[in-house]
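Asker: Chains as they are written, first to last, in numbering that gives the first Met the number 0: chain A, 0 to 343; chain B, 0 to 343; chain C, 0 to 343.
Treat the hints as calculated values from the structure; they're not laboratory data. One or more of the hints may lead you astray.
Computed list of lysine-lysine pairs in PhoX-like fashion (alpha-carbon distance at most 20 Å, straight line) [unchecked claim]:
#1 C:K119 to C:K148
#2 A:K162 to A:K113
#3 C:K2 to A:K293
#4 B:K2 to A:K2
#5 C:K293 to B:K2
Remember, predicted model here, so these are calculated numbers, not experimental data.
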Amino acid sequence: MTKTNPGRFFEDYRMGQVIRHAVPRTVSGGERALYHALYPARHALASSDEFARACGLKAAPLDDLIAFHVVFGKTVPDISLNAVANLGYAEGRWLRPVWPGDTIRSESEVIGLKQNSNGKTGVVWVRTRGLNQSGEAVMEYVRWVMVRKRDPEAPAPETVVPKLAEVVDAAGLVIPEGLNFSKYDFELAGESHRWGDYAIGERIDHVDGVTIEEAEHMLATRLWQNTAKVHFDATNREDGKRLIYGGHVISMARALSFNGLANAQMVAALNAGAHANPCFSGDTVRAWSEVLDKAETAAPGVGAIRLRLVATKGDSGAFVLKGEDGKYAPEVLLDLDCWALMPV
Amino acid sequence: MTKTNPGRFFEDYRMGQVIRHAVPRTVSGGERALYHALYPARHALASSDEFARACGLKAAPLDDLIAFHVVFGKTVPDISLNAVANLGYAEGRWLRPVWPGDTIRSESEVIGLKQNSNGKTGVVWVRTRGLNQSGEAVMEYVRWVMVRKRDPEAPAPETVVPKLAEVVDAAGLVIPEGLNFSKYDFELAGESHRWGDYAIGERIDHVDGVTIEEAEHMLATRLWQNTAKVHFDATNREDGKRLIYGGHVISMARALSFNGLANAQMVAALNAGAHANPCFSGDTVRAWSEVLDKAETAAPGVGAIRLRLVATKGDSGAFVLKGEDGKYAPEVLLDLDCWALMPV
Amino acid sequence: MTKTNPGRFFEDYRMGQVIRHAVPRTVSGGERALYHALYPARHALASSDEFARACGLKAAPLDDLIAFHVVFGKTVPDISLNAVANLGYAEGRWLRPVWPGDTIRSESEVIGLKQNSNGKTGVVWVRTRGLNQSGEAVMEYVRWVMVRKRDPEAPAPETVVPKLAEVVDAAGLVIPEGLNFSKYDFELAGESHRWGDYAIGERIDHVDGVTIEEAEHMLATRLWQNTAKVHFDATNREDGKRLIYGGHVISMARALSFNGLANAQMVAALNAGAHANPCFSGDTVRAWSEVLDKAETAAPGVGAIRLRLVATKGDSGAFVLKGEDGKYAPEVLLDLDCWALMPV
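Excised from the complex, chain A in its bound form (with noise of 0.2 Å):
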């Protein structure tokens, strides 16, 4: 009887099933340093005790993706291990901030299963949601991925599709308790864009670029303590290369945004998500944003933002998507949709 973890497959996922994922982690200025080391972040609000204080925050959060790549870890050897393929992400938002200090857990629930008509895979939905030591939820969204089934004969669940929001409504944003954006110091933060200064249909072209390595893409996977073979083993692919995390690319994309949205200074949710293509050492990675949305939010001097993030390993200036197929640009690596907060 082998002890080791052969992940889930289709056939072990039930409707309405709570899986509490394992290994609890707390969080300190070392995850913090270690973000700044392996992207170009700079965000001033993550950065800064005193320009998180001076925006009615305790102390400088940690950034919002570290939330995000902690909680997702996690998941990965209990939804992810025998994934096929990452399909989308719903409904994602950011409930209230992780500190250094808090430890963080995941939990999902099975909210939709379908087994796909080759009998041979299956898509689960779950709704993944990350809790600190008080049990309160950090951040919570909904991800679905196809997964194979261990035996084909086994028979196919009923088919439930879950009705997700094609975006986060405005109203249903979490702003962080306290944040106030009406003193907000645009020098230091180091862009005089104001949300009043962006415009529906607007794209901005980030410019920089960072060529990848392996090695930082295996340090970025591991800090988040997501173990998935394809990222680090050399010899699982008959081409010899690693897969890097689509996280990574995310972060990286979000990183090179300052340039342009230095004031997009949290992520509040992610509406949709896609990873287009796969990225590899090597590639250079290149961010482009649309402007998709505006809206008011309750909070003093912070406004919303919907943002069209796109990871490329082409010309960013190009603004390439999709081509006439529909299909994604082959140079496309990530096509995000999210809401960020601005000072107005």
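Once you have looked at the hints, place chains B and C on chain A.
Answerer: Below, chains B and C alone, put in the same frame as chain A:
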């Protein structure tokens, strides 16, 4: 007169000599974060303050191997700078957890000397102790190395070969004060198998592999302030390769062993260890374990399990160790014999 | 209208202008741990709280070069984004230690301007100050860079070349409050040679070498939030090489100098510095030092030593600096002139 440290040569060691190693080191959450980035480390006790508190500790200690590496690193300039070979370990015991904020230093006592028959080298045995800021021992181990003589004509010292225990007696294992596994949360730990589920003689293939990069092993080795040039200087060896610090392979194997031994939460003793073959960048490291022994302890719910932990750059599922000639197979990197603590 | 930062061009600077640089940064034990992973840094005062307390400080300060890099990194988007060359440093002084938990920001005053005769570029001199959360200066230095003009037709400003001290006067060195080397533990520091053992004119070959990897210099450079694209984007230069941040070479050389100058615990002043030749991944960096001067200080047991610290990708024992033509030899990477503090 040169001011750089030439290292000690064989004739510089005297029986009973105590060497206070230089550069004490204060550790923090930063070392923990880096450890998680460098290795796929997921043992819950060293990852989560909450999990550690539920096990009777005041907080999550730093990984036991962080303690080992910090203590070991300090000895390098005095013990192994002119070493030809790292021959073995014995009687290693962890005596007290290392917490973030602790300051660690090391000292070694020379407990054995034996000149080799070629007259050019000799073997030095030292017992090394790591001490915290209160002067309390956090770990100790015996190591022996083959060291060059500066002057082949220097007289040989009296031969003293210390009598070392082949295995640390289970009764001599030091259980951290307060450790209590009676309310252990197996779900959060990530593994349902407990002490009683492991049988002596059982072998576990840890399945996963990690392909090593130069940047990663250098970051790790420097983190422990181990600056032996063979690890960093590509011009040092004729083949242009950098030899990977043996401790890097130990930590990689230990972290990989989570998959199958997630509940072996703490390493309590190092009975023996051999760096069977050198490891280089590009090697894909895998691991397998064999249960060598089991013992009860006086701490509530805590059992001890004696494990052989083998790192290999071959197929871990083949459980290869030695050939018919009694020598390590060429793909074997590490053969470690240790006691770990596990919920019964 | 572009929203990305194009950087300042020569005609954007005005004499007396004060630029508050963006993105304040709170530092922690995480930055210290990463510094130890990135460089073979072993100076005991910045490594151990206990050692630092025995030297009169409240705890171990962050390495003086961490302070420099954080302060410098913030200036890049405003000062050197369009720089053709980093021409020099002068009048650098460390004014107050940086402790874990401090929040650092930077500001620069334009103190000199000189358009080049080609009309396409000009030289800008700035005096940069790093400030902590209490507004206290932690360091200051003058740097001058050659910057492109946006519009070659823009009128030349009045030429002002600031008069800069060739060397910081020893009387002007700022000794951290409380620093006292009268009970200095040479054994724990790792070196028996004290201030009195170094002679003016003496040269020290630091012996060790480190071969540089892309992942490492990028991690380091990002850690300081220095995002100049030449360091990260392999498509930026025609030769496909990423230029290594000069500060990475400074820290590598300083860390290597431990072996021979382990007691030069703190850097107190930066008199001058030249990045003699570019450094690329694959280069093996070595270092040598020359004692340029010595001075007493008012602090108990504390002496000052003025050092030339040279980084080379050649043989450090050859002490190569310049050729007969007065130009730096091609293997020389860095020529730094600084004051350090040492036990007398």
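Asker: Which hint numbers does the structure go against, in order from smallest to largest?
Answerer: 4
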